[in-house]
Structures are given as C-alpha cells and as structure tokens.
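From just these sequences and the hints, can you work out the full model?
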Amino acid sequence: MILNIQGVRKQFGGLVAVDDFSLSMEKGELVGLIGPNGAGKTTVFNVVTGVYAPTRGAVSLDGTDITGMRPDLVTRLGIARTFQNIRLFARMSVIENILVSLHWRLKANVFDAFFLDRKYRHEEEAMRDTALRLLARVNLDKLTDSQAGSLPYGSQRRLEICRALATEPNLLLLDEPAAGMNPAESIELMRFIKKIQRDFGLTILLIEHQMRVVMGISERIVVLDHGVVISRGTPEEVSRDPKVIQAYLGVTEHA
Amino acid sequence: MELSRTLGRRALVLLGIILVVAWANGDLKLIGIPGWGSYTVRIINLCAINAVLAMSMNLVNGFTGQFSLGHAGFMALGAYVTALLTISPATKEMLFFMVPLWKPLQNLTLPFAPVLVLSGLVTGLFSLVVGVPALRLRGDYLGIATLGFAEIIRLVLQNVRRLTNGALGLKGVPPVVNLWWTLGAAALTYFALRNLLASSYGRAFKSIRENETAAQAMGIDLFKHKLLSFFISSFLAGVGGGLLASLLTTIDPVMFKFPLTFQVLLIVVLGGMGSLSGSVLAAAIVTYLMEFLRIVEEPHYLSFMTIRGIPGLRMVIFSLALVMVVIFYPRGLMGDNEITLAGTGALLKKLLPKRRVAA
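Protein sequences appear in the order of chains X and H. Note that my numbering numbers the first sequence so that position 125 is 125, with each residue one more than the last. Note that my numbering numbers the second sequence so that position 91 is 91, with each residue one more than the last.
No lab work stands behind these hints: they were computed from the structure. Among the hints, erroneous ones may be present.
Said to hold, decoys possible - The calculated lysine-lysine pairs, modelled on DSBU-like cross-linking and capped at a C-alpha distance of 35 Å, are:
1. X/LYS142 / H/LYS350
2. X/LYS142 / X/LYS27
3. H/LYS350 / X/LYS107
Remember, it's a predicted structure, so these values are computed and weren't measured experimentally.
Quick look at the structure:
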C-alpha cells in the first residue's frame with residue numbers, strides 16, 4: 001500500500017469541505033477521483049500534499065505518517081502534483097521550469113554557485129541532461145528555451161506534468177489535467193497519462209470533473225459529493241450507481 | 001589558437017580598464033598625468049556604491065519577489081560597523097565627549113578590507129534576526145514589517161549613545177575609499193550575483209517569485225531560500241553602507257531614514273525588477289541626475305530677473321519620474337533582460353548598416 005488516507009476531515013470554520021474521507025492505493029494503480037464542482041476533490045489533494053493540515057484523520061505514504069507535513073518535504077518523500085489552474089513559472093524558460101524541480105537534490109552549496117566552480121558546473125550539466133531527457137519524453141524538447149508562459153495551453157499542461165515528474169515521484173496527483181480541453185484533446189491527454197504511468201512506473205490519483213474522461217483509464221473510481229464519498233468501485237459500477245447519477249444530473253426522486 | 005586569442009583580447013580589455021581607472025583615480029600623478037576632477041570622481045564613487053545597493057535590493061525585490069523595504073536600516077548597520085572599526089582612538093575620544101565609548105571598541109581599529117567584510121557579516125547576521133519573523137509575511141505586509149525593522153535599527157542607533165554617539169553621529173571616518181574600492185565592490189557584486197542567479201539557487205529564487213505554491217510543491221524550501229536571499233542582500237547592503245561611510249566620512253542616524261530606501265528602490269524599479277545590469281545602468285543615471293538637477297534648487301541670476309531655486313524640488317522630480325515609469329513603463333529600462341556583450345554586439349550590427357545607407 002503506497003498511499004493510505006484514513007478518515008480525513010477538513011473544516012474551514014463552519015464549512016466541512018471533506019468529511020471522513022478514506023482511500024488506500026496500491027503501487028501502480030490509477031484511481032480517479034470525481035465529483036461535481038465544489039465536492040472537495042482539490043481539498044483532498046491539498047491535505048495529501050501538506051498544503052492543509054486535516055482537522056481530523058491521517059495520511060501516510062509507504063507507511064510514513066505525512067499528516068500536515070510541509071509540502072516541500074512531502075514532495076521529497078515522493079508525491080508530486082499538478083494544479084487545476086496551471087501554475088507554471090511563467091517568466092522562466094521551459095527547461096528552467098524542469099530544473100527547479102531538480103533543485104532540492106543539488107549537493108553544491110551557495111559558494112559553489114557564486115564561483116560556478118567545477119563541482120557546481122558538473123552538477124549543472126547532469127541536471128540539464130536529466131531535464132532534456134524528460135522533456136524529450138513529453139515531446140517538448142524542441143521548445144526548451146521558450147518562455148513557459150508563452151506556450152500553447154496543451155503544451156503548458158504537458159510541461160506541468162513533466163515538471164512534477166522531474167521531482168521523481170512514486171505517486172503523482174493530477175488535478176483536472178483535462179480542464180478546458182475539448183473531447184478529442186482530453187482523450188489524447190488520457191492516453192498520454194496512461195503512457196507516462198507505464199513508462200515511469202507511477203501510481204496516479206487523478207481528479208476529473210467529467211466522468212467520461214476517466215472512465216477509460218481508471219481501474220477504480222471514487223465519487224465525492226459535498227465532501228462525502230457517495231460511491232466507489234470500478235467505472236462500470238460507479239456509472240450505474242443511482243446516487244452518482246443523481247449527484248451529476250440533479251435527478252430528483254420524482255423523476 | 002582560438003582560445004588564446006580570446007584570452008589575449010580579454011587581458012587587453014582588462015588592462016585597458018585598469019589603466020582608465022588608474023588615470024581617473026589620480027594614480028598616474030606619479031608620472032605627471034593628472035587624474036579626473038575630484039567632483040567627477042566623487043560622482044562615479046556614488047554611482048558605484050548605488051549600483052551595489054541597487055543590485056542587492058534587486059536580489060530580494062526583483063529576483064525573489066519579496067517586497068522588502070529595510071535597506072536603509074541594513075546600510076546604517078554596515079556604516080556604523082565600518083565607522084566604529086576604522087576611526088582612530090584619538091578621534092573616538094574626541095567624538096564621545098558626552099558619553100564615553102564602550103571600552104573594548106575604544107582602541108580597536110582594523111584595516112579597511114576586513115572591516116568591510118565584517119560590516120557585511122554583522123548586517124547579514126542581523127538580517128536573519130529580522131528575516132526569521134518577517135519573512136513569514138507576504139507582499140505588502142512584508143514591506144511594512146521590514147520598513148518597521150529598519151526604523152527600529154535607526155532609533156536604536158540614535159539612542160545607544162555608548163556605542164553610536166547618538167544623534168551626534170560619527171565624524172572622521174578615514175576616507176579610504178577611492179575608485180578601486182567602489183568600482184571593485186560593484187564589479188565583484190555584479191559577477192557574484194550574476195553567477196548566483198544563473199545557478200540553480202537563482203532559479204529557485206525566481207520560482208518563488210513566479211509562484212510560491214508551485215515552487216513549494218516542487219520541493220523548494222521557501223523559508224530557507226527567502227532567508228538566503230535576504231541574507232546575501234543584507235550582506236551587500238552592509239558593505240554598501242560601509243563604503244558610503246568611508247566616502248562621506250561623517251554618518252549620523254538621520255541619514256538612514258526611509259528616503260534612502262526609497263532612493264535605492266527608485267533605481268531598482270527604473271532599471272527593471274529582475275535585471276542586474278538594469279540596476280547598474282539606472283544607478284549611474286539616477287546618481288548623475290541627482291547631481292545635475294541641483295540647478296533647480298539653486299538660484300539663478302539672469303540680467304533681467306532672478307529665479308529662486310526651490311530646495312527639495314529634485315525629490316519632487318524623482319517622485320514624478322517614478323510615477324511616470326510605473327504608469328507608462330512598468331518594466332523599467334531593462335525589464336528582466338540583461339545587457340550582455342553578445343546582445344550589445346548584435347544591437348550594434350543592427351544599427352551600423354543603417355548608418356551606412358543613410359550616408
């Protein structure tokens with residue numbers, strides 16, 4: 001079991017954003033977390049990555065308790081994420097965006113950087129190699145020196161995923177990667193996600209607003225509504241669940 | 001072959017620079033060549049010191065994206081450390097006639113170079129004391145907190161009379177600095193910061209400026225890097241303050257009020273937040289204009305009428321200039337671009353053929 005979320009509750013004042021949320025993921029799984037707007041999906045991500053400390057409950061990664069741990073430390077333990085609204089380093093180049101993710105492994109200290117001495121230059125070269133290899137795998141290697149903010153939308157999404165991969169995670173959290181894409185683009189993106197999961201041996205937790213998009217690639221789906229899990233199971237089971245249909249379509253009991 | 005040629009060219013350029021500085025500094029008087037006028041040299045000294053200060057402020061405000069307004073306070077610390085460690089014991093005895101100076105410092109004087117480094121270190125260490133609580137704040141709140149800390153430093157300097165001589169200030173700081181010191185400090189600062197910013201640490205700083213949440217999610221320790229940037233910046237502010245103390249030979253707490261921070265901020269914004277060479281360029285422009293614009297503050301006697309100068313009008317002009325820059329040219333002279341040799345060459349190539357056509 002790589003990720004274990006136990007009875008997490010997150011409360012903002014009087015508002016309960018997520019209540020009694022539990023989920024455990026095995027290595028190599030791809031789980032979809034779906035639900036209507038405001039269901040609390042991103043809150044779950046923020047609790048897992050340490051942005052929020054949960055009001056109650058616990059999160060552990062590979063048996064290590066990471067509840068409320070600082071986000072950069074969580075990342076170093078092997079959880080990487082993307083954001084619902086793209087958060088690239090817009091005024092930095094494509095390759096610099098990737099290199100930032102490699103910074104925490106840097107061994108050279110500030111004095112090495114002041115003098116750009118041999119020790120530093122050696123590491124810098126290795127970092128650039130790694131970054132270029134990663135960019136090649138997501139087909140962005142021709143744009144290494146472009147400004148990240150000037151890339152087309154789809155490429156920005158791919159770059160954000162690539163930046164997360166550069167931290168060498170075991171678990172990847174993707175927050176609505178298909179937001180703002182048309183159906184054809186979404187399908188292509190899902191294929192891309194499936195591919196990187198295989199290539200990098202990743203465990204992936206994927207938030208998606210539209211159920212259709214994740215149906216094809218998720219082994220399991222968890223459905224959140226108003227902060228509570230209303231259904232979980234295989235895509236087929238979930239899509240037949242009347243509670244899910246009701247949450248999504250707002251069907252009343254009379255209908 | 002190719003390498004030796006570039007090396008040779010570089011050595012030639014370096015030699016040229018050394019000769020020009022030596023001439024301007026008056027070092028060639030020995031062989032009968034007079035130096036540049038002392039007024040001009042003084043302005044160049046100020047330009048270089050302002051460049052150091054602006055680059056150091058740019059590191060925190062422009063590259064790391066943290067709005068800090070504590071520069072005057074840090075400069076004051078550096079200036080006082082330099083003054084206290086270089087003024088001769090006899091002068092100290094004369095200065096501290098109201099309250100005697102703290103004993104251990106009375107007879108302590110050190111050579112200028114280690115004093116300058118010490119000024120930077122003391123200021124840097126103090127910046128950690130300020131930074132640990134203040135850097136937990138963001139945006140305007142950080143600006144207000146650092147401004148407050150700078151004011152606290154100034155008030156402490158004004159009131160710990162056994163150490164600082166209070167409001168009387170310190171006079172008789174040995175005028176050690178010359179063009180070698182100031183230009184050398186500016187060049188060292190420029191190259192050290194350029195390297196740092198080109199390195200992985202520089203990228204970490206910029207990522208914090210671009211998006212804190214994302215930077216942290218990519219494993220960047222926000223607090224550590226903000227503090228690092230703050231420390232380096234304050235170290236340089238302390239060195240700049242020390243140079244200034246030796247250039248002016250007289251310091252007092254009133255010098256280090258907020259307008260001093262504002263003046264450095266003006267240079268940084270005018271040069272471009274996130275451009276080192278922009279800071280250097282703007283430091284030269286602003287320092288020169290500060291002197292040039294003295295004409296608006298001086299009275300002018302024409303044959304038919306007298307124009308009275310208005311003291312303080314220079315600052316009005318600079319404030320207006322800053323407002324204009326922020327409204328019409330928010331990225332400053334350079335934005336976040338740098339002046340490079342290759343870039344200058346390309347620009348010249350673009351400009352030169354046009355002239356030929358015109359001729």
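Comparing the hints with the structure gives:
1. Taken as a hint, the X/LYS142 and H/LYS350 pair is honoured in the structure, with Cα atoms around 27 Å apart against an allowance of 35 Å.
2. A hinted pair counts as satisfied when its Cα atoms are at most 35 Å apart, and X/LYS142 with X/LYS27 qualifies at roughly 33 Å.
3. Simply put, H/LYS350 and X/LYS107 have alpha-carbon atoms about 43 Å apart, too far for the 35 Å limit, and the pair is violated.
Taken one by one, the earlier hints fail for this structure only at number 3.
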